[in-house]
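2 protein chains.
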Amino acid sequence: MSLNETVPTVSPNALGLKVELGRDRPIRLDCGVELGPIQVAYQTYGSLNADKSNAILICHALTGDHYVADPHPITAKPGWWSELVGPGRVFDTDRYFLICSNVLGGCMGTTGPMDENQETGQPWGLDFPVITIGDMVKVQARLVDHLGIDQLFCVVGGSMGGMQVLKWAQTYPERVFSAIPIAAAARHSAQNIAFHEVGRQAIMADPDWCDGNYLKEGKRPHRGLAVARMAAHITYLSEPALHQKFGRNLQNRDTVTYGFDADFQVESYLRHQGSTFVDRFDANSYLYITRAMDYFDLAAENGGVLANAFRGTRTRFCVVSFTSDWLFPTSESRAVVHALNAVAANVSFVEIKSDKGHDAFLLDEPEFHATLTGFLDGAAAHRGLPRQTSGAGP
Amino acid sequence: MSLNETVPTVSPNALGLKVELGRDRPIRLDCGVELGPIQVAYQTYGSLNADKSNAILICHALTGDHYVADPHPITAKPGWWSELVGPGRVFDTDRYFLICSNVLGGCMGTTGPMDENQETGQPWGLDFPVITIGDMVKVQARLVDHLGIDQLFCVVGGSMGGMQVLKWAQTYPERVFSAIPIAAAARHSAQNIAFHEVGRQAIMADPDWCDGNYLKEGKRPHRGLAVARMAAHITYLSEPALHQKFGRNLQNRDTVTYGFDADFQVESYLRHQGSTFVDRFDANSYLYITRAMDYFDLAAENGGVLANAFRGTRTRFCVVSFTSDWLFPTSESRAVVHALNAVAANVSFVEIKSDKGHDAFLLDEPEFHATLTGFLDGAAAHRGLPRQTSGAGP
Numbered sequence: 001m002s003l004n005e006t007v008p009t010v011s012p013n014a015l016g017l018k019v020e021l022g023r024d025r026p027i028r029l030d031c032g033v034e035l036g037p038i039q040v041a042y043q044t045y046g047s048l049n050a051d052k053s054n055a056i057l058i059c060h061a062l063t064g065d066h067y068v069a070d071p072h073p074i075t076a077k078p079g080w081w082s083e084l085v086g087p088g089r090v091f092d093t094d095r096y097f098l099i100c101s102n103v104l105g106g107c108m109g110t111t112g113p114m115d116e117n118q119e120t121g122q123p124w125g126l127d128f129p130v131i132t133i134g135d136m137v138k139v140q141a142r143l144v145d146h147l148g149i150d151q152l153f154c155v156v157g158g159s160m161g162g163m164q165v166l167k168w169a170q171t172y173p174e175r176v177f178s179a180i181p182i183a184a185a186a187r188h189s190a191q192n193i194a195f196h197e198v199g200r201q202a203i204m205a206d207p208d209w210c211d212g213n214y215l216k217e218g219k220r221p222h223r224g225l226a227v228a229r230m231a232a233h234i235t236y237l238s239e240p241a242l243h244q245k246f247g248r249n250l251q252n253r254d255t256v257t258y259g260f261d262a263d264f265q266v267e268s269y270l271r272h273q274g275s276t277f278v279d280r281f282d283a284n285s286y287l288y289i290t291r292a293m294d295y296f297d298l299a300a301e302n303g304g305v306l307a308n309a310f311r312g313t314r315t316r317f318c319v320v321s322f323t324s325d326w327l328f329p330t331s332e333s334r335a336v337v338h339a340l341n342a343v344a345a346n347v348s349f350v351e352i353k354s355d356k357g358h359d360a361f362l363l364d365e366p367e368f369h370a371t372l373t374g375f376l377d378g379a380a381a382h383r384g385l386p387r388q389t390s391g392a393g394p
Numbered sequence: 001m002s003l004n005e006t007v008p009t010v011s012p013n014a015l016g017l018k019v020e021l022g023r024d025r026p027i028r029l030d031c032g033v034e035l036g037p038i039q040v041a042y043q044t045y046g047s048l049n050a051d052k053s054n055a056i057l058i059c060h061a062l063t064g065d066h067y068v069a070d071p072h073p074i075t076a077k078p079g080w081w082s083e084l085v086g087p088g089r090v091f092d093t094d095r096y097f098l099i100c101s102n103v104l105g106g107c108m109g110t111t112g113p114m115d116e117n118q119e120t121g122q123p124w125g126l127d128f129p130v131i132t133i134g135d136m137v138k139v140q141a142r143l144v145d146h147l148g149i150d151q152l153f154c155v156v157g158g159s160m161g162g163m164q165v166l167k168w169a170q171t172y173p174e175r176v177f178s179a180i181p182i183a184a185a186a187r188h189s190a191q192n193i194a195f196h197e198v199g200r201q202a203i204m205a206d207p208d209w210c211d212g213n214y215l216k217e218g219k220r221p222h223r224g225l226a227v228a229r230m231a232a233h234i235t236y237l238s239e240p241a242l243h244q245k246f247g248r249n250l251q252n253r254d255t256v257t258y259g260f261d262a263d264f265q266v267e268s269y270l271r272h273q274g275s276t277f278v279d280r281f282d283a284n285s286y287l288y289i290t291r292a293m294d295y296f297d298l299a300a301e302n303g304g305v306l307a308n309a310f311r312g313t314r315t316r317f318c319v320v321s322f323t324s325d326w327l328f329p330t331s332e333s334r335a336v337v338h339a340l341n342a343v344a345a346n347v348s349f350v351e352i353k354s355d356k357g358h359d360a361f362l363l364d365e366p367e368f369h370a371t372l373t374g375f376l377d378g379a380a381a382h383r384g385l386p387r388q389t390s391g392a393g394p
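Chains A and B are the protein sequences, given in the same order.
Read left to right, the first sequence gives residues 1 to 394 (full-length UniProt numbering).
Read left to right, the second sequence gives residues 1 to 394 (full-length UniProt numbering).
Isolated chain A, as found in the complex (with noise of 0.2 Å):
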């Protein structure tokens, strides 16, 4: 019995896709290596229209993947953004052709430290490049090559994966019709740096890590990984939040137990959290992709003004942001709005009202699937996409 009979999915290749990119030209990394080739798994919903038009780049957050809306492949759960992708939903298959990647450094099939370096034959552990979200955009770019799109409709993405969308917008103008960069920054911010630290020092402090070489000692950092999925969680949710969902509830007892056991259910929430995360991601990878957000900063990276990174640019910006978030408050994205109105750039700018905190852009919120919806549709009519593209596929 296959997966795509267990559990309904709206994509024929429920397992994904992959290709090898950069053989015969290594793609350059920001910390100046040459890597190539590279394995870049991905994944794609709806059909791409006869002009090449209708293709929507959807860009991933830290440990999200390219199971955008098909079951994941370890955990079994669906996409991490199921609700918003099908027929006549936010990224209406029927009309949209939807690419998502996993990132450069990740650990769900594009190459990153898990893998092996075929100079050695070992996994690369810390051995891997350094890599930036410039990196990453780069990687993708190739793959939009390779799927021979020469201008994305759109490029979308939550957190990180709104990091992307305005580092798209900023490298390749002429490729993006439309970006929409939600819950997200032009630079991590110094307190988000700290949560990173403290994540990669957790990982770090676990021997398990063996100073990254776990892969050929046959261990995982298992403990440091949960541990810093556990502090990173907290920052995803907000106050409110938390004291809704469990304010200081007790874990199927009438009383505190005088011990360490997960007395209160936020105790016992954290530590699921962290334990079922390590079976799905890799700690090392873990260590480059934070690193990659620390270092993206969109203003340095052209001049020292953030304007700078979006002057001339004939892309249509729909910035989200949401009340609660915190990690990525709305003051990030009202930064991005600035920049962007200082070079007259067409820009919408939509503050979400939501106590979810960071994580609402990948929960049920009506008010902003209505904003996505909306944008869409006024960037398609801008673009001549018709109504409906076929849903009957080739």
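Read the hints as simulated data drawn from the structure, not as lab findings.
One should not assume that every hint holds.
Put simply, identical chains are the same to the list, so a pair is met inside one copy or across any two.
DMTMM-like, lysine to aspartate or glutamate: derived pairs with alpha carbons at most 25 Å apart [to be verified]:
#1 K245 <-> D297
#2 K219 <-> D51
#3 K52 <-> E367
#4 K216 <-> D355
#5 K219 <-> D208
#6 K216 <-> D261
Following the hints, put chain B in place on chain A, whose structure we already have.
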């Protein structure tokens, strides 16, 4: 050469005082265990007046101790409220008699999990009973008995110290003439429990923790404790303070290194916070004291209604919060004030404008210090304390 000679101090007993309590009458803890005898390490400043009406009990925070205004015996850094203690200062040692004791479960001289369990001859480790804020306060009350003081002129403290202040006011209303809970709350929030749980899991994930028996094994879980401290430290600051202090500034370099060294100053700072903390703090004490804070819920302890905790009180309260404190936000202080108002208590409420986050109560905040002085002056007048007690001492 004694410490007194090398570092100026206002105290005649710079290495602290110690007393054994509860030998004849053990202390009944909230968990049901009878504990005793216990050692209590404490410090005093100034002189107790003839009618013993000028004593102020200072309650320290999670990782604080009784070295309020003396150099710390391990770090040699000035005491945590040095600036506030001395002749003519906020806590005027010419006028008041200050007492501060290391909390039960601590690691600076008061009985805690690193001390010897006299029944086994081994360090307590996790056999130490789980304690509460109420238990800490019971021990302090025994110390106050020992000093022959019926009523404290004031009980004051920040953060966990503020929790103790509230517990004092509830448990011994007749013994507390005035009370100043600062940057505190009447219950630990879900988000705060979550951050504590991350810290505990980081400690417990360190193999050198040895299921709590590291002292027997001659080990110390320094890596786990450092990670716990790093995570907690972020919560003590504010995003604006981190941004102002560090922003994205690099550490002694012009460009990022494309590696996992501390490229950013904020990383270096956090690592320093973690690594210096382990020299002065015991990992099991960290588990026990964070647990005590998590358990604190003054409303739950009083029939579910916070106001019940203070019904009939004649204590004069001054509740203080800081605008940028997101660990114990003003809303928590306001809940205390509402409860006090509901029972017509004598209460002042001051929210201090500060960008220093939770740590503001330990830092140079003139408006905060003026608030303390003003409230203490007023309370002293009501208590009939002379404007100046003899500064000459006995």
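Violated constraints from the hint list, given by number and in increasing order: 2, 3, 4
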